[in-house]
Amino acid sequence: MAGDKTSMGLEQNIAGLLSYVLGWITGLVFFLLEKENKFVRFHAMQSIIVFGGLTVISLIISIIPLLGWVVSSLLSILALVLWILLMIKAYQNVWFKLPLVGDLAEKYSK
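Numbering-wise (the numbering used here), the sequence shown opens with residue 1 and increments by one.
Keep in mind that the hints were calculated from the coordinates and are not lab data.
Just so we're clear, the structure is a prediction, and the values are computed from it rather than from any experiment.
Any given hint might turn out to be false.
Stated by the list, open to error - The calculated EDC-like cross-link candidates involving lysine to aspartate or glutamate, where the alpha carbons are at most 20 Å apart (straight line), are: (1) LYS38 / GLU106; (2) LYS38 / ASP103; (3) LYS5 / GLU36; (4) LYS35 / GLU11; (5) LYS5 / ASP103; (6) LYS38 / GLU11; (7) LYS35 / ASP4; (8) LYS110 / GLU36; (9) LYS107 / GLU36; (10) LYS89 / GLU11; (11) LYS89 / GLU106; (12) LYS110 / ASP4; (13) LYS89 / ASP103; (14) LYS38 / ASP4; (15) LYS35 / GLU106.
Construct the entire structure; sequences and hints are all you get.
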């Protein structure tokens, strides 16, 4: 697997990592640009679902005074941990599937 190229000319582990760099935004970019490499498409879709979902949830919860701000802050910490973990796993060429989200990403990235 190491050394597999994408249709964009990047190594698949680099493209997978880059799918997470700006959260759902780079996930969307790589999902739309990469047509062939299933590894990259999976990581891009997982990025869209995870970070898009966390963004929406955080925006909705942050409207609630005090409690919403606390929960939103905790979600930000969770997002940071996930962001680092997912980038490391993609760079290591690992098909790292988060519970529930990973199955959805696998289903929709084909």
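Consistency of the hints with the structure:
1. The straight-line distance between the Cα atoms of LYS38 and GLU106 is roughly 9 Å, inside the 20 Å bound, and the hint therefore holds.
2. Simply put, LYS38 and ASP103 have alpha-carbon atoms about 14 Å apart, close enough for the 20 Å limit, and the pair holds.
3. Annotation: proposed proximity of LYS5 to GLU36 holds, straight-line Cα distance about 10 Å (limit 20 Å).
4. At roughly 14 Å between alpha-carbon atoms, LYS35 and GLU11 fall within 20 Å of each other, so this suggested pair holds.
5. Of the pairs offered as hints, the one joining LYS5 and ASP103 is violated, with about 24 Å between alpha carbons and a cut-off of 20 Å exceeded.
6. At roughly 13 Å between alpha-carbon atoms, LYS38 and GLU11 fall within 20 Å of each other, so this suggested pair holds.
7. As the CA atoms of LYS35 and ASP4 are separated by approximately 14 Å, the hinted pair is consistent with the 20 Å bound.
8. Taking the CA atoms of LYS110 and GLU36, the gap is about 9 Å. The hint holds against a cut of 20 Å.
9. Between LYS107 and GLU36 the CA atoms are separated by roughly 15 Å; this keeps the pair inside 20 Å, and the hint holds.
10. At most 20 Å may separate the alpha-carbon atoms for a hinted pair to count; LYS89 and GLU11 meet this at roughly 14 Å.
11. With a C-alpha separation of about 16 Å, the suggested pairing of LYS89 with GLU106 holds against the 20 Å cut-off.
12. At most 20 Å may separate the alpha-carbon atoms for a hinted pair to count; LYS110 and ASP4 meet this at roughly 18 Å.
13. Note on LYS89 and ASP103: the hinted pairing holds, with a Cα-Cα distance of about 16 Å set against a maximum of 20 Å.
14. Of the pairs offered as hints, the one joining LYS38 and ASP4 holds, with about 11 Å between alpha carbons and a cut-off of 20 Å not exceeded.
15. A hinted pair counts as satisfied when its Cα atoms are at most 20 Å apart, and LYS35 with GLU106 qualifies at roughly 15 Å.
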